[in-house]
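One-letter residues, chain by chain:
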Amino acid sequence: MSKPRVAIFDFACCEGCQLQIVNLEEEILNLLDIIQPVEWREAMSEQSTEYDIAIIEGSITRAEDEERLKKIRERAKILIALGACATIGGVNKLKNLFPLQDVREIVYAKHADMPHLNTMATKAVDEVVKVDYKVHGCPIDKREFTYILRCLVLGEKPVVPSFPVCVECKKNGNICRFEYNEICLGPITRAGCGAKCPSNGAWCFGCRGLVDNPNVNAAKDVMDTYGKTVDDLKAKILLFNFEQEQVNG
Amino acid sequence: MAKINIDVHHVTRVEGHGNIRVRANDGTIEEVQWQVPEAPRFFEAMVRGRSFEDIQTIVSRICGICSVTHSLAATKAVEEALGVEISEQTDILRILMHYGEQLESHSLHVGYLVAPDLLGQKSVVPLAASHPDVVKTIIKIHRLSNEWMELIGGRMTHPVTIKPGGFSKLPKEKELRDLKNRLTDIIGDLHILADVVLSLVDKLPDFKRDTEYIALKQPELYTFYHGNIASTDTPKVVDIHQFESVANEYVTPHSTAKWTKWHRESYAVGALARFNINGDLLLPEAKKTAGKFGLSKGTCNPYMNNVAQVVECVQVVEHSLELLDKLLSKGIVPEIPKVEPKAGEGVGCVEAPRGILFHRYAFNGKGECIRANICIPTNQNHANIQKDFEAIVPQILDQGQDQIRLLLEMLVRAYDPCISCSTHYLDVEFV
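Protein sequence lines, in the order shown, are assigned to chains S and L.
Under this note's numbering, the first sequence has 219 at position 219, and the numbering climbs by one with no breaks.
Under this note's numbering, the second sequence has 431 at position 431, and the numbering climbs by one with no breaks.
Only true hints are included.
Below, a list of computed lysine-lysine pairs in the DSS-like style, where the Cα atoms sit at most 27 Å apart:
| # | chain 1 | residue 1 | chain 2 | residue 2 |
| --- | --- | --- | --- | --- |
| 1 | L | K326 | L | K287 |
| 2 | S | K228 | L | K169 |
| 3 | L | K136 | L | K122 |
| 4 | S | K228 | L | K338 |
| 5 | S | K196 | L | K140 |
| 6 | S | K220 | L | K366 |
| 7 | S | K228 | L | K342 |
| 8 | L | K326 | L | K174 |
| 9 | S | K170 | L | K169 |
| 10 | L | K172 | S | K196 |
| 11 | L | K174 | S | K171 |
| 12 | S | K77 | S | K157 |
| 13 | S | K196 | L | K338 |
| 14 | S | K170 | L | K338 |
| 15 | L | K217 | L | K387 |
| 16 | L | K169 | S | K234 |
| 17 | L | K217 | L | K326 |
| 18 | L | K174 | S | K170 |
| 19 | S | K157 | S | K130 |
| 20 | S | K3 | L | K122 |
| 21 | L | K136 | L | K287 |
Derived CB-CB ranges, DEER-like:
| # | chain 1 | residue 1 | chain 2 | residue 2 | range |
| --- | --- | --- | --- | --- | --- |
| 22 | S | E50 | L | K203 | 31 to 39 Å |
| 23 | S | A63 | L | E88 | 45 to 53 Å |
| 24 | L | G298 | S | E105 | 40 to 48 Å |
Since the hints were derived computationally from the structure, they do not count as laboratory data.
Heads up, the beta-carbon is just placed ideally off N, CA and C, and yes, glycines get one too.
Here chain L stands alone, though its shape is the one from the complex (with noise of 0.2 Å):
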């Protein structure tokens, strides 16, 4: 057999730098490597110091495609340190923000990351000529769930209307409306989407691999927003509180990414893991569209996470009209969020587009923050994808160096990896 030696510094088409080492010799493989090599930008130690009303404007930045979940992370802990009550109405109004940055990332992955590869194209700029209407229900997907979050957050990326104890400013009911209005027209698209995945689904490689799986668990509820930690390894769930328990996070010497394990060597988070957890409760649209591709509880394909995306576009979606129902039939009540420094320290924890997301402050008398620990969703998942890799080579040794790339680069990809969110390095070799 041929000699592989695939190299592939910083993965195209992802969130931040990755690296891929494969050497084998004579059907033996002697090096298989998923390389994060970022230099951290320490965010915990940045953020020592400043204000309790700064901390979500500091760590938004961690990451851009996922600055609403990070900012509602970072918000709820803060709430709880400072011992903060909120109303219903800003709770369904965050749910809602967060329901339109998952439906973003997820439209963005699938739409424009994932999608050249399944139509054998490099980016989606030539797809624009080669299947321009598959690429316009993409926009029109993409740019709804933008101006989603640009109604309750101010704006599309790093929102600026969540405080600590409310919002800063609130969409009017008409705007609220309206946008229940394009979402009940945008599950059309969604089915559009779903139905081209669908046509392109045997693209994606069958490999299967064991693999505990962890996400948010809220009964009755797929959950991306509120509940206890749950892994398909146990039945019992882990509060929140305890998620250092569950991550048990350490440093490797191929990652400045540190990488965690639970019950086994690595476990899983993301769209995938949360379906495992929960898609029984999926809503009746989201079902419908699990059910096209027969995707199943217990599904362990890495690959099928783009899948699990699709069925979440089409979740968020509908639990969305729920609670704009919900909200519209109470009007919107005028807030003003008043909130006095205390000591204390709390958590929050939420579902990032690419899995479950920790973030933990503590907070002195003056609500200066003493003390901050975030444990990210893609640190989460580099342990599992060297898992896969160890798992998926052997078994395609034989397909030739450019393919085993391939099929690697997709494997990452479908991991949907936000590897800034976490550290950030750069390669001088690439150049």
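If we strip away everything but chain S, and leave its shape as in the complex, we get (with noise of 0.2 Å):
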């Protein structure tokens, strides 16, 4: 069988993803006994338009991005949103909460108007093109993302945590955030992260997304007993998944 050609493509976003990719270190070179990467322009030179496994990092800002994606995604059999801004917009979505105008005023003031400054409403690549699978997270879990690439080439389905933090934070042992009088998304992001915020004493910002079917009620009456309100609890959503956290509600 030959290798699957990959290409890996960054929209908006800090690269930190692609970076989770570098940081494989010598992993790095048994990928490549599986894989041919074709097109990775923070890593390569080389470059390519026949690819059989896109894999998008970032979030799509621009119309002209999203008719790359459009290109993008007719070109490859499989495509993977890589990180929280490609899965669910992630930090980027903050712009969201206020008109594009004012947002492009405050950073650029008197030259807001020129067109190259020219900005859309935040969106995740499955808002704009079909995604095949998504490796969740800001920035993504190395070994998660090895994993469904292994899947992938061998033609198996990945299987992607759809519990909450909670149970991988229960299982390392960690005292509740809310404890110590924090607010922390656990009890309705999505695991396969390991816990890893709350086991360095930090609060669960949500970076995987919401959990499928998350368990509102339950996270109502966690906020009750600790005192908390929804608000509360919404102003920490909205980080990384603002409009989400408006559908959920």
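Build the complex from these two chains, which are given one at a time in their own frames, with help from the hints.
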């Protein structure tokens, strides 16, 4: 079997998820045994328009980005959204809280109307094209990335956790962040990160997106128990999950 | 002379997207342009209304490669705004993780992004086959720097332990002793890396352009973290709170990133700028490394930024060993940061691997951000890249289109630009 051709493309983001691929270090060399990278602008000068798997990092903020993404989708057999900007819009969606003209003027003042400074409301990749697989997180977990890629090469369906971060947090033996009078999104956020933030003394800010069918009632009970309001919760959710919080609120 | 038409959309092996355009006809240059057509992500607008305790989480996402630097600049600014004092232990641990990022970014840049040019390859992928020992050394350094940041920051990219007032989790003394052993060991590998770069240094073009360099300056220390703003054009330093009067940001039609200028039409920041300001303060091993290359203050060949990065790799490890000794001699004391919201304004300034970085925030009485201004190192280099282009193109015009293209791409790479830091834009013609 020939190795699948893989291309990585970046849209609006910090490129930190690509960096996690670099951070695989020697493991990248093992991946090269099973895939053939044909385009990866941040790391390679080689380029190609023929690929089997397209990996999309970043969110979509301009009409021309949408067109470019659609072309990539047409060429790719499988399309993977890489990281929170691509899977849920991530912090880039905070922009959508404000009128676009206001956002432009805050940054560019009197130059705000120059055409090359145009922007549109931030979209996740699946708001523009069909996404076959998502690698969640900000940044992604590099082991989950290689797991998903290996599954695809083997023709298997990767299994991504559909339970909340609390499960992994409990397993790590952490004291609940609510006990520290903090608001933690663990109860409604998709696990798979190993509860990295709570295990480092911080609250979960929901970068892996909401778990499928989040148990909103249970989350409300937790908020009640610790004297927090739903508005407190929403203010934290919108950091990475703007719009989801409106749908589920 | 032949017609030259270079149109590089999205220079590869750099962070973010930039374009190079050069047109010349019969020896006459018609156009030389460094374009940054990136649509910004509007962080200064997005942080408005967010709590002081969420600022670091948001602005860390300005850049994956310098997330620690952005996190620290923001946290310093938040702490000043809220009147928060931190312990010496917190300060040292933050400097240590900041050094981890300098080593990570520099080794990534020199090893993965620049080395292929010097060894005649298109990327590190074929390099792994042609020069396995070099790649192995780079991987060892890069892995260590990442695990170093993870130890203190909780993970490699977008640290989670940095909180206003201190850390949410402290490393254990044993872990710091292990880190010290690994850092002691890595100095040998850094000398190997330096020798590899030294053996290839004649591949860096011999180009000079008198330039204003700007970096942080602190008495008696080659600083990345504290100090005031210094320029090679003036002996007087400027307080970081006046950074807007240094950067003088402006908008140009060919760039969505703002450009900057101080005493001249452009200035440069980054490893070479730091070296040109603070080079006499290097520690012994780093000084020895600079000596190998004959690197001296006043160097104004932008390609030598890569060499200055190699020197800084040694410097940050050497200084970290001193800081670890200091930390371990006192032991790690548990601290729980406690910060109350309060109205105020603050500035944080640190050196990112690619140059000086400024953050300013103002908060209302509830601790919600009401205003932000962030000035990114790569923005400060854009105008200088353009001026370098204008100076070098006439000198290399007879070298043919492919060579001109390569030298200009190498020049952009030498600055180690981090374009998505400031803005982000994509060009549809590229697909």
